[in-house]
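J.: The lines below spell out each chain.
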Amino acid sequence: MRGPALSVGFIPLVDAAPLVVAQEMGFAAQEGLALDLVRAPSWSSLRDLLVFGRVDAAHMLSPVPVAAALGVGGNTTALSAISVLSVNGNVVGVNLALAQRLRDAGHGFDFRDAAAAGRALIAAARGPLRVGVPFPFSMHAELLYYWLSALGLPAPQGVDIRTVPPPLMAEALKAGEIDAFCVGEPWGSIAVEQGVGALLLPGSAIWSFAPEKVLAVREDWAASEPELSARLIRAVWHAGRWLANPDSRVLAAELLARPEFLDLPPEIIDRALSGTFTVAPTGEQRQVDGFVEFHRGAATFPWRSQAQWIAHQLAARMGLDRTVAVEKAKGVFRPDLYRAALEGIAPDLPGASSKIEGAVEVETPVASGSGRLFLPPDTFFDRRSFDPDAIIAPKNLHRN
Amino acid sequence: MLWRMNGPLSIAVIENDPDRAALISESLHATGNVEVHVLTGAADLAEHITGLNPDVVLIDIANPSRDMLEAMAMATGPLERPVAMFVDRSDESLTRAAIEAGVSAYVVDGLHSDRLKPILDAAVSRFNMFSRMRTELETTKRALEERKVIDRAKGLLMKARGIDEDEAYALLRKTAMDQGKRLADVAQALVTTFGLLS
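Protein chains in written order, with my numbering: chain A, 1380 to 1779; chain B, 37 to 234.
Below, computed lysine to aspartate or glutamate pairings styled on DMTMM-like, alpha-carbon distance capped at 20 Å:
1. A:Lys1553 to B:Asp80
2. B:Lys184 to B:Glu172
3. B:Lys153 to B:Glu62
4. A:Lys1553 to B:Glu83
5. B:Lys177 to B:Asp221
6. A:Lys1553 to A:Asp1539
Rough simulated footprint, nothing fancy, chain B against chain A, three-plus residues with beta-carbon under 8 Å:
7. 1426 to 1434
8. 1501 to 1515
9. 1543 to 1549
Keep in mind the hints are simulated off the structure, nothing from the lab. Predicted model only: the values in this text are computed from it and were never measured. Every residue, glycine too, gets a C-beta built ideally from N, C-alpha and C.
Just chain A, with the same shape it has in the complex (with noise of 0.2 Å):
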């Protein structure tokens, strides 16, 4: 039965996967619904295809709902997280002269320690760093502004970060445009592949648990179309439990390959899925456990302080008042539609709506339905965590 149609739109990225395979595999139609997959040129267009109403969701990086709450950026309309699609998925890449350089100073490109690679990178650096990624509001910018700082690399003043759509990326490095980059997969490997570039880093080094892309839509959508939102929560639930299997790896590459998502070969697809990568032009691979998470460690769950945390990083980097930022961000991300619509079917939701981003260090037992419920590590790199609640709560102890 072909039930409702509704209209999504992806960027051709590995970690449009949920949505491809919701349609694809049949679990959009076991929830009764046929999904209109429109592949977006951009990041900019797709967000206004979504704020105009064209599509009905998106596929969309997670900074971009919090831009929209804190009135940065080109957009202003309310845009609601109903789900994480992904958990991860980036790569930090570099021209091949700075890799050469890299090397020259015995970095060994071991693809794991971002203090390491991070120092190495700053004092490899001629001048400012130029970085390319995607868009001015994603998880790549907020990944390389919090690593770069940390090493004490002034951030926005000391890195030059500029935007360029991942597909002219390794154009752009050939070009010397930029120095380096970071980007969703499969375009770091494809600039490998051009033998342009060499990858540093997985996102994943600098944050171990980045909820990278949400399934964004219209607040007054949410709020308008609670069954249709609930549906499509349970299908690309049900596709990314469906992607965590790795039997299903080899067949997601194919879907994905096909001309009318990604267009690319299954081969350089496979990479992000398996995590195994060619970090260089000389064919050396490096394994990445975790590169990019559909479903493990309940990943899809929209935890209020992970938008939270990219409100603060926002705020701290444009100059706006964090605590308001932070306040603004709490009801972005949707943990309660998520877990409404999954309630009886996800054994292992989450009891709580909110954590410390940054404080699982080993995997550890959580409350939830089942009480089965593991949350993998979450850390960042250097080891800081992220309260939301102490940034809020003492503001409000004056207010009242």
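Guided by the hints, dock chain B onto chain A, whose structure is given.
T.: Positioned in the frame of chain A, the structure of chain B alone reads:
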């Protein structure tokens, strides 16, 4: 305000196709006192735009370089001109029309809508024309391809069954009608089958 109140309005058009760029320029010039600069969507686009300091930037929605302009919409330094995005503006019907037509506009903050509207109207109608042209082109191309396949199918039938062209065509048409299919699809099936058998 730093921008010129009464001088020519400076418009940057980001377009890789020179023919399209010329048509857009022409229609913008027709709206009056404007200065049009055509840029291509290269990676250093943001620098070019900063150097040009235009009042309005027009870009095809399908151009991935559009994301580069988003960073400029946040420039708030004391010497930089704030570039607000058009979709935030009060005239929602015009914004919708622009999005439907496939053009997006970035506009310097404070630019009066009286000056902006004719520019956007011109851009919208030009982009609508492009999308019509594209549809027509695709239709023509498809018709031509179908015509070729039908001709090949006729040729195969004439040879295989020793009939003339009119009879071959009548046979194809009858088969299509009997099967409730398009003539071109029947012809394609025949050509494919012949290719497999020969």
